[in-house]
Amino acid sequence: MGRDMEMRVREREPATLGDEGASAVEIVGATRQFGPVVAVNEVSLSVRRGEVLTLLGPSGCGKTTLLNMIAGFELPDSGFIRIDGRDVTEVPPYQRDTGMVFQNYALFPHMTVFENVAFGLRMRGLPAAKVKDEVGRALEMVKLSGLGERRIRQLSGGQQQRIALARAIVIRPKVLLLDEPLSALDKNLRGQMQVELKELHQKTGLTTVFVTHDQGEALSLSDRVVVMNRGEIQQVSTPIELYRNPVNSFVASFVGEINRLPPARHMRRGRELLLEFPQGVQLVTSAPPRDFEEGRKVHIFVRPENVTIVPAVEDLRPNVVRGRVVTHIYQGSHTVTRVEVTGLGPIELRMRGGEVMKQAPVGANVGVEIDLSEAVFMSE
Amino acid sequence: MLRKTIFWLVVALILVYMTIPAAVVLMTSVSPSELLEFPPSGFSLRWYGRALGYDDFQAAFVNGLIVTAIASTTALLIGSGFAYLVDRYRFPGRGALEGILASPLIIPHFTTGLGFLLLGSRLGLAQSYVLVAAAHVMLVLPFVTRSVYVSLRNLDPNLERSAANLGASPWRVLRRVTMPLMVPGMVGGWIVAAILSFTEFTASLYVTAYRTQTLPVAMYTYIREYTDPTIAAISALLILVTIVVVILADRFLGLRRILSIDRS
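If you're matching them up, the sequences are chains Z and R in order. So in this note's numbering, the last spot in the first sequence is 371, and the numbers never skip. So in this note's numbering, the last spot in the second sequence is 255, and the numbers never skip.
Calculated from the structure, these hints are not laboratory results. The structure presented is a predicted model; accordingly, all values stated were derived computationally and were not measured. From the three backbone atoms N, C-alpha and C, an ideal C-beta is built for every residue, glycine too. Among these hints, one or two may not hold up.
Which chain Z residues face chain R? A few, computed with CB under 8 angstroms, are given here [as the list claims (entries may be wrong)]:
hint, residue
1, Phe93
2, Asn95
3, Phe99
4, His101
5, Phe110
6, Met114
7, Arg115
Using the sequences and the hints given, assemble the complete structure.
Written out as structure tokens, the structure reads:
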């Protein structure tokens, strides 16, 4: 118990001690196999102190297995896990000092709200008065003061979520682990909880590893995002970098909406790159991001917000192509329009408001202007 | 309309069929006649008075309580252990263990009774509660084990993980989370065992002596000698007590959920 207290005191000081102070969690070459399935394949990753790092990917990509490895519920077949510079690969979960919020919250149904939040502190042997203090503060932090004596099943989903958070942060864990904590909430509540999670992180400064399959959550909540697929890391970067410069087609299509144009032949023409699509359609980009190998086609990805509908008469301008409107999906602030574009196939674009539905009704022949300045290029 | 009528007719028939023996016994128990008669020719509670005052029934009632308490409690302890082992561990012989637990469903009660009787007299236990309780433990064990097993299965594994994550050692997880959450399943299993044990007849007929006879055995002995409605009255009392116990258990413990009759 004495040792636990000591560690807690140290945790409260600014984390500047020692060289290893920069990473709160380090995963080194971790592999985990379930039967024939490699859930996590040689993953190395370091979580910086105080950051919110998101593990993003489709179900079965290994993100939850990785989270469970940090918590100690899964042991890697090979590789190491370090928390605060200490090798915890073989350390059981209850000695790791992590705080986890489960997807279904996993609140203890036979205990009151207070007892739930107090559980971790009591396991650490804190005196009753101190426990009461800390629980009070944690409940205040999640804006649920006064609910201490409630039973768990008397709480709404949103309240349960907050209690689960309070229970995890009250122990001041070395790392806070969130396993899709918002997925069980309805949409409005989810938006609200995103804001609250952000505020909570600003208040506590806890190093956080957040698992989600929702790219919107990942982009809005993280300092850095780790995109995973089939047990491997695809890309680690800031949300903006991830959205603007995905490193491969998986990341490009998983993060945000994106149009994938058919493979194009490319030719350098002075400072421009000329792209040739089927049916003689040509696009041109002024700033080729890099050289592409001769004779191999390029794949181009364009975000819906970089495509606009223009009156068909302007189709002589560069990068304007003819198309026919297929559907409109009105979403209030914007309308998602699908256009069948000559040589490029179906393309989705996003325009503000709903005027586009009047100006270019379904079936209308329109010009489609494609802005390639933020497009992503990948060689075949 | 017709389909609805047929539906309710079928439901009514099933209900009548399931309750008819009890109803007949209940009606007979209030008959004023000296003989078992159905339908009753009048109304009287005199046989209830006799049933409650009859020495053999009183002694058998107490015997039954003793045997039931020993048997269900023992079965609960063994059954909980078995259930935990089978749920949590993969070990050689796990399948065989499950099979053995189901064997009382395969071996007829009178075989069990006869076996225990032969064994008991060899060991000089023929007059002892131990023999009766031993037979009953074996008969109710599958039901207790199943009840505890179901509540273990329904236990969200994340609850135990969560406790461990918050710093609880495996022993503390068991004591603070797993055990408290298993209490309803254990109590439910105990009650089912108690009812089965208290009303068990076939095996009890072999393993009880006059000194240790349980209520059903005393009732059987009675009906072999007398033909008055006392036997119907004691039957009715037994049914009423059982109904009250089951209703209380359902009300306070969710017996239906424990026995996984409904999974909501």
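Hint-by-hint comparison with the structure:
The interface hint given for phenylalanine 93 of chain Z is met, as the beta carbon of that residue sits about 5 angstroms from the closest beta carbon of chain R, less than 8 angstroms. The interface hint given for asparagine 95 of chain Z holds, since its Cβ lies 6 angstroms from the closest Cβ of chain R, which is under the 8 angstroms cut-off. Restraint check, phenylalanine 99 of chain Z versus chain R: the minimum CB separation of about 6 angstroms is within 8 angstroms; hint holds. Taking 8 angstroms as the C-beta cut-off, the interface hint given for histidine 101 of chain Z holds, the closest approach to chain R being about 5 angstroms.
A distance limit of 8 angstroms between C-beta atoms decides the matter here; for phenylalanine 110 of chain Z the minimum to chain R is near 5 angstroms, and the interface restraint holds. At a threshold of 8 angstroms, the smallest CB-CB gap from methionine 114 of chain Z to chain R is about 4 angstroms, leaving the interface hint in force. At its closest, the beta carbon of arginine 115 of chain Z sits 6 angstroms from a beta carbon of chain R; the interface hint therefore holds under the 8 angstroms criterion.
Consistency note: the structure conflicts with none of the earlier hints.
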